[in-house]
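K.L.:
Since chain A is already given, all that's left is putting chain B on it; use the hints.
Taken in sequence, the protein lines are chains A and B.
No gaps in the numbering here: position 456 of the first sequence is 456 in the numbering used here, and each next residue is one more.
No gaps in the numbering here: position 95 of the second sequence is 807 in the numbering used here, and each next residue is one more.
Treat the hints with care, as some may be off.
What the hints assert, rightly or not - Computed list of lysine-lysine pairs in DSS-like fashion (alpha-carbon distance at most 30 angstroms, straight line):
hint	chain 1	residue 1	chain 2	residue 2
1	A	169	A	190
2	A	699	A	662
3	A	169	B	754
4	B	734	A	106
5	A	323	B	734
6	A	597	A	503
7	A	169	B	829
8	A	106	A	422
9	B	829	A	162
10	A	169	B	757
11	B	801	A	80
12	B	829	B	757
13	B	801	A	128
14	B	752	A	323
15	A	534	A	482
16	A	699	A	597
17	A	503	A	537
18	A	169	B	734
19	A	484	A	450
20	B	828	A	190
21	B	829	A	190
22	A	169	B	801
23	A	534	A	486
24	A	162	B	828
25	A	625	A	696
26	A	162	B	801
27	B	752	A	169
28	B	754	A	323
29	A	534	A	703
30	A	169	B	828
FYI, nobody ran anything at the bench for these hints, they're computed from the structure.
No experiment lies behind these values; they were computed from the predicted model shown.
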Amino acid sequence: MSIDVSQFLDTFYEESFEGLDIMESELLELDVGAADQDSINTIFRAAHSIKGGSGTFGLNAVASFTHVLETLLDEMRDGKRNVTQPAVDLMLTSVDVLREMLNALKTGQDIDAEHAAEVQQQLERLLKGGEEPDNDVSGVDHTSLSDHPEVMVGSGWHIRFKPLSHLFKTGNDPVRLFEELSDLGTIQVKVNDSGLPSFADIDPEDCFLSWEIEYIGDADEAQIRDVFAWVDDDCELELTIIGGEQKATTVETVAVAPVAAPASKTTAPAAPAPVAKAAAVAAAQPKEAPPIAPPKTEEKSAVARKAAPPSTESGSIRVGIDKVDALINMVGELVITQSMLNQLGEDFTMDKVQRLQEGLAELEHHTRELQENVMRIRMLPISFAFNRFPRLVHDLSQKMGKNVELKLSGENTELDKTVMEKIGDPLVHLVRNALDHGIEKPEVRASLGKPAVATLHLNAYHQGGNIVIEISDDGAGLNTEKIKNKAIEKGLINAGDELSAEKVNELIFYPGFSTADQISDVSGRGVGMDVVKKNIKDLSGAIEVLSIPGKGSRFTIRLPLTLAILDGQLVRLGDQTYIVPLVSIIESLQIRKENVKSIASDSELYRLRDEYVPILRLHKVFNTKCDNKELINGLLVVVEGDGQLAGIFVDDLLGQQQVVIKSLESNFKRVDGLSGATILGDGTVALILDIPGLVKLSKERIKKRAAASAAA
Amino acid sequence: MPTILAVDDSASMRQMVVFTLKGAGYTVVDAVDGVDALSKAKSNKVDLVITDVNMPNMDGISLIRELRALPNFRFTPMLMLTTESGSDKKAEGKAAGATGWIVKPFNPDQLLATIKKVLR
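Chain A extracted, bound-state conformation (with noise of 0.2 angstroms):
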């Protein structure tokens, strides 16, 4: 039987990737010098599991590297190795080799194979305490089988196998062993019963037998003693070539060979074995030489490319038992009130119609519930995004010389997973800046007096159908004054313009907005702000920033708990319902006639206190029907799309509600000003309006109309 093993690769990846995550938390909180046992046990069994996963799943490249951390590991937990900064940081940069390493293979890229045979290096630099590397880097072990001395050649052996009494409770038994031995060739088994002790002696669990065996066949020693390797040590064991040259006498004490060599093995694994030692353990060990790591000449032939996108976005996603749970409980209470109701409708009259409507009340209930835990599966604790923090901010904080404690708050807040997947990167930006630009140098601190240690707080919690995050520091907050020349300079404001501290703080979203003085490599290249507010924007959320100067900032950002449920203002034009999302809506108001300014033929504004907003007319832009073409009549919902106000004209207001979200791509197709469908409580289909597409849209047509009436 063959059996594809790249079927659990995913499996693999996932868990290796936990495993990471895991050695990776684990190796920021060890303390140095007096590290925690349990922590080490921790890294070392993720590392083992990476390895024996590796090896067997064919990734030998990861196999091979994982090896030699996994040594290093193994030492510490015996205690023969101290715990050091040195170490616990290359152990740091080779969970990110690794993590690099199985990104690559699982998008199926190269791997950068010099990066990582350089940290292979180090470690094993590491693993000699300091010497030189030698040329051998492939941590393959010396011992294996093509070492062996020259194979002994006879028609067959003669076999002693006397076991101890104890031999049955490992749970071996010799017939198992014969039967085994005679799928190599012919044997011939005597039993020797002379040590059978007189009956009232016997212990019917002991054994007392032995075995003479001849055996026939062209098997050589290695082949016989490895049919005996699990009760090497169980028993005596006598070998002695058949017809062969008399010299080769290889009668040997079994005791000796196999327990001590192997040790040092995996302690030096690129220093070369004597010959004879090595050959000695493979022939009493054959099982013992490890085919973990063949050499890795493939991946070194690989041309080494740029790092790999460390894209974990993954397909697949882990629920909890008690998630699944509930959920079976609530599908069985749904059956249980699917029978009431079939079984009421069998012999209805109209004096059951309280029962029935009780029963319908009961179905509802019960599907709300159902959708609603439904939608919880896809609930991940924010706990995901914040833990690559830790380590995040240690690394930074070192390149920076800055001391930094890191708080986390609220990791348990869930979120939906492809708002988490979405958000991570944004998050990564603010921390960055924050340590960047905002924690000052520990000698800054303490010249204003404040603690030597700085924090950086990440939080997290619901309000209201949001999730809030926030990230704040300790630090200088935001440089008003600098921002407010930077925008001058860029001609985002006048010089003359008098703005809020606020107003000033928001210009860092524009578009190209950088006061960093230098380019760090660790932010303020200018893609900043404008593209984590974009991001922030796409998930239909809002980011604002509160800065203190000298007390340091607080970002806060707010998200729908999930893409797929939508809190919507329904509205109606016509005949038709359309939704606008509440989270765009900035008020709705009664259209005043003396209010209205009309500039084009088709283009009004709407006076909204010092403000003009364009006044956009949904069924030109759709080109249906509605009741007021009278703006008078109608209503207006100011809403705001991609930092513009806009103003939509419609007939009515109804009521507000949670909707699902439908794709109308896939559904039907594009239609631009439309971000999708929901089906309401009645079963026609809503429309969800797309409100930065509809603002870009009516300045389009704007814009359209000036350049047509230029030309005639």
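P.N.:
Coordinates of chain B only, in the frame set by chain A:
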């Protein structure tokens, strides 16, 4: 067909072992660590135990020791899956009552071949 108790904390290894064994017609009970295995061993009739060594909660060697102490498992073959190339783990496992071992990495065919050694 014999029943095999397969114990491994790694989901991918467990999947592979279970898939291979079931494919060969064995009945398989799987467990995620020693503690899980011990409780499953008590409620199933088991003809062979295959366990990983390094596991949280209870490692494979302790599991073998605990199982050997149970009346039903005095003579049951127990194999450990080990990547440990040093034989100290093997010796430790043998001392605890292991029948033998399978060295990782192994492929499904090797696994089945080894099992045939003890389940003839």
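K.L.:
None of the hints should be skipped; say for each whether it holds.
P.N.:
For each hint, the structure was consulted:
no.	hint	in the structure
1	A:169 / A:190	holds, 23 angstroms
2	A:699 / A:662	holds, 27 angstroms
3	A:169 / B:754	holds, 19 angstroms
4	B:734 / A:106	holds, 27 angstroms
5	A:323 / B:734	holds, 28 angstroms
6	A:597 / A:503	holds, 28 angstroms
7	A:169 / B:829	holds, 17 angstroms
8	A:106 / A:422	holds, 20 angstroms
9	B:829 / A:162	holds, 20 angstroms
10	A:169 / B:757	holds, 18 angstroms
11	B:801 / A:80	holds, 17 angstroms
12	B:829 / B:757	holds, 20 angstroms
13	B:801 / A:128	holds, 23 angstroms
14	B:752 / A:323	holds, 24 angstroms
15	A:534 / A:482	holds, 23 angstroms
16	A:699 / A:597	holds, 17 angstroms
17	A:503 / A:537	holds, 19 angstroms
18	A:169 / B:734	holds, 28 angstroms
19	A:484 / A:450	holds, 26 angstroms
20	B:828 / A:190	holds, 24 angstroms
21	B:829 / A:190	holds, 21 angstroms
22	A:169 / B:801	holds, 19 angstroms
23	A:534 / A:486	holds, 21 angstroms
24	A:162 / B:828	holds, 23 angstroms
25	A:625 / A:696	holds, 22 angstroms
26	A:162 / B:801	holds, 24 angstroms
27	B:752 / A:169	holds, 21 angstroms
28	B:754 / A:323	holds, 28 angstroms
29	A:534 / A:703	holds, 24 angstroms
30	A:169 / B:828	holds, 19 angstroms
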